[in-house]
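Asker: Here the protein sequences line up with chains A and S, keeping their order.
Under numbering that gives the first Met the number 0, the first residue of the first sequence carries the number 0, and numbering increases by one thereafter.
Under numbering that gives the first Met the number 0, the first residue of the second sequence carries the number 0, and numbering increases by one thereafter.
Honestly, the hints are just simulated from the structure, not real lab data.
Note that this is a predicted model, so its numbers are computed, not measured.
Beta carbons: idealized from backbone N, C-alpha and C, even for Gly.
Be a bit skeptical, because a hint or two may be false.
[Said to hold, decoys possible] Output of the computed footprint for chain A on chain S, the stretches with three or more beta carbons under 8 Å from beta carbons of chain A:
(1) 22-36
(2) 81-92
(3) 97-110
(4) 194-205
(5) 300-313
Spelled out, the chains give:
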Amino acid sequence: MAQESVDLSCDYQFWMQKLSVWDQASTLGTQQDTCVHLARFQEFLRKMYEALKEMDSNTIFERFPTIDQLLAKACWNPFILAYDESQKILIWCLCCLINKEPQNSRQSKLNSWVQGVLSHILSALRFDKEVALFTQGLGYAPIDYYPGLLKNMVLSLASELRENHLNGFNTQRRMTPERLASLSRVCVPLITLPDVDPLVEALLVCHGHEPQEILQPEFFEAVNEAILLKKISLPMSAVVCLWLRHLPSLEKAMLHLFEKLISSERNCLRRIECFIKDSSLPQAACHPAIFRVVDEMFRCALLETDGAPEIIATIQVFMQCFLEALEKENKQLRFALKTYFPYTSPSLAMVLLQDPQDVPRGCWLQTLKHISELLREAVEDQTHGSRGGPLESWFLFIHFGGWAEMVAEQLLRSAAEPPAALLWLLAFYYSPHDGRQQRAQTMVQVKAVLGHLLAMSRSSSLSARDLQTAAGQDTETDPRAPAQQLIRHLLLNFVLWAPGGHTIARDVITLMAHTAEITHEIIGFLDQTLYRWDRLGIESPRSGKLARELLKELRTQV
Amino acid sequence: MESLLQHLDRFSELLAVSRTAHVRTWDPVTVRRALQWARYLRHIHRRFGRHGPIRTALERRLHNQWRQEGVFGRGPVPGLASFQALGHCDVLLSLRLLENQALGDAARHHLVQQLFPGPGVPDADEETLQESLARLARCGSAVHMLRFNGYRKNLNLQEDSLMKTQADLLLERLQEVGKAEAEGPARFLSSLWERLPQNNFLKVIAVALLQPPLSPRPQEESEPSIHKTPGEGSQALVHWLLGNSEVFAAFCRALPAGLLTLVTSRHPALSPVYLGLLTDWGQRLHYDLQKGIWVGTESQDVPWEELHNRFQSLCQAPPPLKDKVLTALETCKAQDGDFEVPGLSIWTDLLLALRSGAFRKRQVLGLSPGLSSV
Chain A
0 MAQESVDLSC DYQFWMQKLS VWDQASTLGT QQDTCVHLAR FQEFLRKMYE ALKEMDSNTI
60 FERFPTIDQL LAKACWNPFI LAYDESQKIL IWCLCCLINK EPQNSRQSKL NSWVQGVLSH
120 ILSALRFDKE VALFTQGLGY APIDYYPGLL KNMVLSLASE LRENHLNGFN TQRRMTPERL
180 ASLSRVCVPL ITLPDVDPLV EALLVCHGHE PQEILQPEFF EAVNEAILLK KISLPMSAVV
240 CLWLRHLPSL EKAMLHLFEK LISSERNCLR RIECFIKDSS LPQAACHPAI FRVVDEMFRC
300 ALLETDGAPE IIATIQVFMQ CFLEALEKEN KQLRFALKTY FPYTSPSLAM VLLQDPQDVP
360 RGCWLQTLKH ISELLREAVE DQTHGSRGGP LESWFLFIHF GGWAEMVAEQ LLRSAAEPPA
420 ALLWLLAFYY SPHDGRQQRA QTMVQVKAVL GHLLAMSRSS SLSARDLQTA AGQDTETDPR
480 APAQQLIRHL LLNFVLWAPG GHTIARDVIT LMAHTAEITH EIIGFLDQTL YRWDRLGIES
540 PRSGKLAREL LKELRTQV
Chain S
0 MESLLQHLDR FSELLAVSRT AHVRTWDPVT VRRALQWARY LRHIHRRFGR HGPIRTALER
60 RLHNQWRQEG VFGRGPVPGL ASFQALGHCD VLLSLRLLEN QALGDAARHH LVQQLFPGPG
120 VPDADEETLQ ESLARLARCG SAVHMLRFNG YRKNLNLQED SLMKTQADLL LERLQEVGKA
180 EAEGPARFLS SLWERLPQNN FLKVIAVALL QPPLSPRPQE ESEPSIHKTP GEGSQALVHW
240 LLGNSEVFAA FCRALPAGLL TLVTSRHPAL SPVYLGLLTD WGQRLHYDLQ KGIWVGTESQ
300 DVPWEELHNR FQSLCQAPPP LKDKVLTALE TCKAQDGDFE VPGLSIWTDL LLALRSGAFR
360 KRQVLGLSPG LSSV
């Protein structure tokens, strides 16, 4: 308690000084500084109110002798009055100063003074004597016409901005950069006032003719903050303009999304999809510049987490939402696919961007083989044209969960000899870093496992232990090795689809899951599989039911 | 119903008193009661503002009040000034009391407590008084900041936001006054003319005459039976201007040519009077042989340039106004003797100037030199 009170005193001194410098915030410097500090000052006001409301007027003045000056100075700063709830909290603080039963004339005078300040805050700073006289003469009070006046001013400014944007050549009617910058500063405290939305939108969308950015960064930050906290609703075009004009805002939006994903329940793709759609990023990413930045941030996240499966899953969901949004976009404004993936060969991009739903089921195998060939070509091609080598190709491939997750299923479903192309693709997907030899070994291993699984699928009775042996899994090999993860997923897939699979499913899982990490991995796998089946509609009722039950049980275990 | 109307009467009195020193006698109970009445009436307005019979009754009562107080001739209404005001009568009362330093200590304390109870559970249905007041403060700051940091006066007055707002208010008030009393608007406008800064008032009238027909306020859209014809306010203005030649002369003198042309195009009833004025002004000028220009005899005479300006602007208006003007000029020229030589009749000279101006304009625009239109 004592520490808080010391903190408050320090803060008090700091803000008293600031307010004195800001005065009525009529210069560029004071306006900028005020804008930067608005949120913190409001917090300070809140803390002050919490302290003041416990004291009576005399005690307050003993503790903070200059409190009346502080509050009065704040009231003279229109930026502070315009911001969020600051005017309310200021009023509450002022009310605390009133003496319930004034003992002498000084206290009475103080009460009068407080009343005066309250009245000043509310009577709206008058300007334009003529206008004031006119409205008074008609019998109107500010409450009658201020909302209408604000609306007229906002619309008039917005249309002036639009005209400025369109009339490139008419220099007489151009808005000067100073005026634009000034407007953007003034909007910072007003962002969450709905009446001002048309002006905010116009400022974002109409970028005038100067080569460099004129609007103040505080403006962009304030708008972005309001968008992320859902305190303002702007059309998509305005949001895209914001993110194109002010890169830090886009980055902040992505970080905000990451934070939400991290703090939400693990391994629930449906929720991830909700968050992603909610963030408006997929729609914005229809603009290639935004897509590139978003993709880059995903790549960084992937590198930092060493290829965490959750990040891969998020990227896949994002791509899906993005492609849906792209589909809805106006076809005339569509950018060429190349602009989204500038470093990829066009043929590979074209194939990967196909939605499995648009390809006849019978052709899926063929498509996967084609993808494999193209990728292999890109990976094994070490000439100057290729960028980044195998990791780049892998990063590209993992975007497309529809295809990437399908490889194992396709291999298991066919009774024929597993095609080398698919084996390669599967090995590549699970460990992109492997050298040729290592990958060849993995392919051989997988082929063997597939063979065993095929044989077992024909037998009438299955046992979990047999399955494990067939997979060559024993407790001595490092369970985290990529090949092991691959084989785990093959087994799980098998168990979900094979006729007798449901009987041994739980046993298989128990044998597999020695650690909590692996259990999470299995949960992730099941969640992802169900999500994909839902979307592509390739579920069989039995498999689906089994998967759902297993998922539920495992979730309660961790 | 009668009790509601009595409530209205008493509240209107209260509102009027709230500005005077009489509040010195108010105690906390009075303050509380006043605020309660305000809240009640606001509630009534919200619930029954669209409902025919109740709304009509309330309006009629208000109009009676105004008539009794003989308000239209004297000045702004001391109590409730409009039906719309009921929608925020609690804010109105609160502000008046807060501004009134005559309020006693106990009453003041109680008022402040009532208005600003502090953070708490917000009312789910209606915005609390505290919220309304905070919003007003915020709105006021917004207007202030935009005014001093972004607003620039629009040279086309009818598009200027400050002008438009004043014009909207004038039209609204005229409509309400017109409902209260048939001769209301005329007397009201005359009293405004005497009390308000005249230059601004004239501009506002011009802008009001150019506004698109008043759209109904959102909350009244569902009411088809309310007798609101768009343009009633404008009609009242035109009627008044035509009935007050001194005002109309000032109107035509003070406002720029372009604006007057727009106004006369929109309200044809004004054009004969406007033209009449211009003719009068023209006839006061005589030709100075030495200087070779038309001059006036007294300092307040309208100079040639201004006269020319106005006629030029009128000739650029769409027909039928343009044709009327030309006809008038031709008629005047004929009455003067139908001279073709300059320096003898101002009307000849004007027509010559207008024609050559038009000719030059057509040249600039690359059109064939057709003189038939002028």
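Asker: Now look at each hint and say whether the structure bears it out.
Answerer: Quick rundown of the hints versus the structure:
Taking a C-beta to C-beta cut-off of 8 Å, the segment 22-36 of chain S contributes 0 residues in contact with chain A, too few for the three needed, and the coverage statement is violated. Note: the segment 81-92 of chain S has 6 residues with beta-carbon separation from chain A under 8 Å; the three-residue rule is met and the coverage holds. As drawn, the segment 97-110 of chain S meets chain A at 7 residues by the rule of a beta-carbon pair under 8 Å; at three or more, the given contact holds. Restraint check on the segment 194-205 of chain S versus chain A: 6 residues with Cβ-Cβ distances below 8 Å, three needed, restraint holds.
Judged by the Cβ-Cβ criterion of 8 Å, the segment 300-313 of chain S is not covered by chain A as claimed, because only 0 of its residues qualify and three are needed.
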